[in-house]
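Single-letter residue listing:
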Amino acid sequence: MRKNELERFNYGQRVVHWVVALSFLLLMFTGLAFSYPSLTWINTLLGGGAAARVIHPWAGIVFSVGLVFMFFMWVKSMFLNKGDREWLAAIKAYARHDRERIPPAGKYNGGQKIFFWLQILLGIFLLLSGIPLWFPEVYGSGLLVTMRFLHFVLALGAGLFLIIHVYLGTIAYPGTLGAMLWGSVTRGWARLHHPLWYKEKAGH
Amino acid sequence: MNLPANNLAIKRISASAEPATPGIREMPEIAKLVDISRCIGCKACEIACKEWNDLKVEPTYNFGSYQSHVDLSPDTWLLMRFNELEIDGNLNWFITKDACLHCEEPGCLYACPAEGAIVQYENGIVDFNQENCIGCQYCVAGCPFDIPRFSKETRRVYKCNMCIDRVEAGLEPACVKTCPTNAIAYGTKDDMLALADQKLTILNNRGFAKAAIYDPEGVGGTHMMYVVPHGDHLPDYGLPEKPVAQQGAMAALAVFKRIGAYMFGAGILATALHYLAVGPESPDSDNGGG
Ligand code: HEM
Ligand code: SF4
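Residue numbers (the numbering used here), protein chains in the order written: chain H, 1 to 204; chain Y, 205 to 494.
Okay, chain Y solo, but in the shape it has when bound (with noise of 0.2 Å):
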């Protein structure tokens, strides 16, 4: 893992009037590969994410699944998903690593009213601050990938953060530690981008025609990528074949608000300076009349 440590340098602040400040030194985006052909279906990354990021144990139950939860939640980032499907009358096991994909045009962080509730790094994680996050849950509706989770608890929302702490300190994310068969490689984003390229190349050797790397350009491309088999399948693996950030919706709307400040602002001088033009209207006599 060639990677610097303390490689934090910010990108892109939610909701900020002002841009980051740019930085000078030189810091290459990463990237989680995930080869799903080679995913056991252990959940071994379940339970490194939850052991790293201390989250609480939630009670699971057999709904009829292979998966462990049903969905993801505030105190679980990371859900292995596994959808049963048959393809010309063989079982298929279609499974994802459904966790943040740290977009390099994130929806959330456009969607997000409050100041620095999400900054996104020059390495490409993006991150909730919790601390400023006021609970309007916008990036939940502003994700394309259905990701963040709101805690009733807390009023706040939570998310993969790519083990920024560990990535911080120049290791690799929990889950790419902890996977026994290597299916998460992790690296820059050239050398990730590189190696799907060649695992891309064994699974058309393998017989599979429509493998398909996922780095989606509507959202400008991913900071976590995977291989799939069943290229020609993305919404059974629960991916959108076509996510969008909607950021000109965004950047207008920043348009409006401008404009809106302005007319606010003319508004009061307006009251204010036909004030100094006419003043205040009066009965000449208060008490007459009657």
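Isolated chain H, as found in the complex (with noise of 0.2 Å):
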């Protein structure tokens, strides 16, 4: 929390996204190398393959506890209700910049809010589909076989949205980053993106 900033997210809130953050970007990497054997260097640095995989299925636990605690700290946010609605109809006038026709956001806009769903299932599944390919042994073939295609999609589709999430949390939109950071934004910055969020937090 910076002086003169509004906070946005408190220690708590930071550090159960970060457990998920880092625990997603190592089961996206090594899931990467295990995918394209041109990216096995990857798996070498983490110390060969064989350790790769047995990192990534406890990164999928540690990952999935943490989306849990995600799921319940940000849940009550998350529901969308009719000025998202309106916002998510005007998505391409927030895709150009153009602020004059984006409708004003809450805490949350639709997108974020569809992002937080979309993870939350994408990594229901992922970790159902996960367990067999942790134990093979124990599941026939061709159970194996549909979860390999089950899995790979999913992670194909999580990693998709989290270009986005990261593009858009970073580089897009200078100042977000300070928010997951040590917690707080501009006032400039929370009219600009969350004008209603501003209204509530700032007292107008």
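Be careful, since some hints might not be right.
A partial selection of chain Y residues facing chain H, derived with a Cβ cut-off under 8 Å [said to hold, decoys possible]: (1) GLN341; (2) ARG359; (3) SER486.
So the derived label-pair ranges between C-beta atoms look like this [as the list claims (entries may be wrong)]: (4) H/PRO174 - Y/GLY452: 45 to 55 Å; (5) Y/ALA465 - H/ILE131: 18 to 28 Å; (6) H/ILE131 - Y/ASN296: 37 to 47 Å.
The hints are simulated quantities; they were obtained by calculation from the structure and are not laboratory data.
Yeah, the Cβ is synthetic: ideal placement off N, Cα and C, and Gly gets one too.
Two chains, each in its own frame: build the complex with the hints.
This is how it looks when you write it as structure tokens:
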């Protein structure tokens, strides 16, 4: 929290977010290396393919537990309301940075809320499809093949959404990353990106 | 044994984006032919396998069967399985030489995600290279014959390699060499198929009308084949009737992965282009209001 800034995420929220984010990155990079032999060097950096094969499922457990915490700490604020639907309808204006046409967002805009639900859903199914892959000898080859498809497609989806999430949270909107690092944002940032939340927070 | 030494040109490599370099040397496919009707159950082949491959001895115990070990293991690559069964009031012994069949279409290799952890040679041998193995055990599920075994100690998977080091030197596998009744024959696949036909005729003449050759199509044929006296009782030998290698599903997964890679690249490219088009979005002034 910086002086003169508005608090956006408290310490606990930031820790949960980064546990989820870092375990996800570990999962993504080891998973990419499992999928593409040309990326095997990533796993070599982590101690070799066999070590990565041990790390990946356990990172998945950390990620899943983190996701449970994330769910309960944010679910109350993530239900879509009428304003969010208007925001989503105007998503093109948002992409074009057309300030006049973007409906005012609350603490989270419609896109962030959708991202939250998608990651929760993908996380659940990644876990469910990952368990048979952890113990292939227990599950038959038929199920294993299906789960390999499913796990791959889900991971691809989560990875694609993450690209957008990281882009928006860093270079696209300067000042945003601070919300997740030291927990606060400038007033100008709040008024521009989350005007309804700004009003509530600044007491206007 | 008129087989060339140094006969190990590579045919397939697991998870490799590129196919193996095509060779120009003409090298015959080899095969073992196991004639179950000639097996006397002495298990000398099990010992020869352990000795040649320097595999640890595992303590065994009597579990009510003539069989030495309960199951294959990382240290036991060959197990003579004994199944007792009554047919028409007569006790029959169903013996199987349980070890890798060295499939022409190896389910293990297709399932393997680690490049070069499983290779198939032109001569038909399917070999695991533990240095590339990541211990995922997909091959265990991918093998229709339940052959590969995972070692918790080394976190790698092991199985019969057809004594590749002997075959490379022009010798027969250790189990073949040691069998006192010649129940295990070894040679080119063509010769072994011809021999199998002869053995089949002999068995038929001896009254085994249902005798059969086991060289299943679903895995493209195998490089260890069986002649079984009771061809109508395959499951009693522990031999699946229609094993499949799932190469189709694995090829489809490879296509998915290609597409996935392009989508991932396209995602990063799209964000970069978006940034170049509209740039960052910041408040006009950061200290106003309040
Ligand atoms: C290196 C990776 C990541 C970075 C740099 C990052 C950055 C951020 C930032 C700056 C915020 C605050 C947004 C705001 O104040 O409005 C945020 C929020 C959030 N993050 Fe991340 N994050 C990362 C990975 C992840 C992952 C892997 C997940 C879940 C699987 C995730 C889930 C969320 C959620 C649900 C929110 C709240 C809603 C939203 O802002 O979309 N993040 N992240
Ligand atoms: S029997 Fe199993 S381990 Fe041997 S080649 Fe066939 S699929 Fe692979």
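A quick look at each hint next to the structure:
1. Here the hint on Y/GLN341 is kept, as its CB sits about 4 Å from the closest CB of chain H, short of 8 Å.
2. The interface hint given for Y/ARG359 is met, as the beta carbon of that residue sits about 5 Å from the closest beta carbon of chain H, less than 8 Å.
3. Interface hint at Y/SER486: satisfied, since its Cβ lies 5 Å from the closest Cβ of chain H, which is below the 8 Å cut-off.
4. Distance hint check for H/PRO174 and Y/GLY452: the Cβ-Cβ separation is about 50 Å, which falls inside the suggested range of 45 to 55 Å.
5. Against the hinted window of 18 to 28 Å, the Cβ-Cβ separation of Y/ALA465 and H/ILE131 comes to about 25 Å, which satisfies the hint.
6. For H/ILE131 and Y/ASN296, the hinted distance range of 37 to 47 Å is satisfied, since their beta carbons lie about 42 Å from each other.
Violated hints: none; the structure is consistent with every hint.
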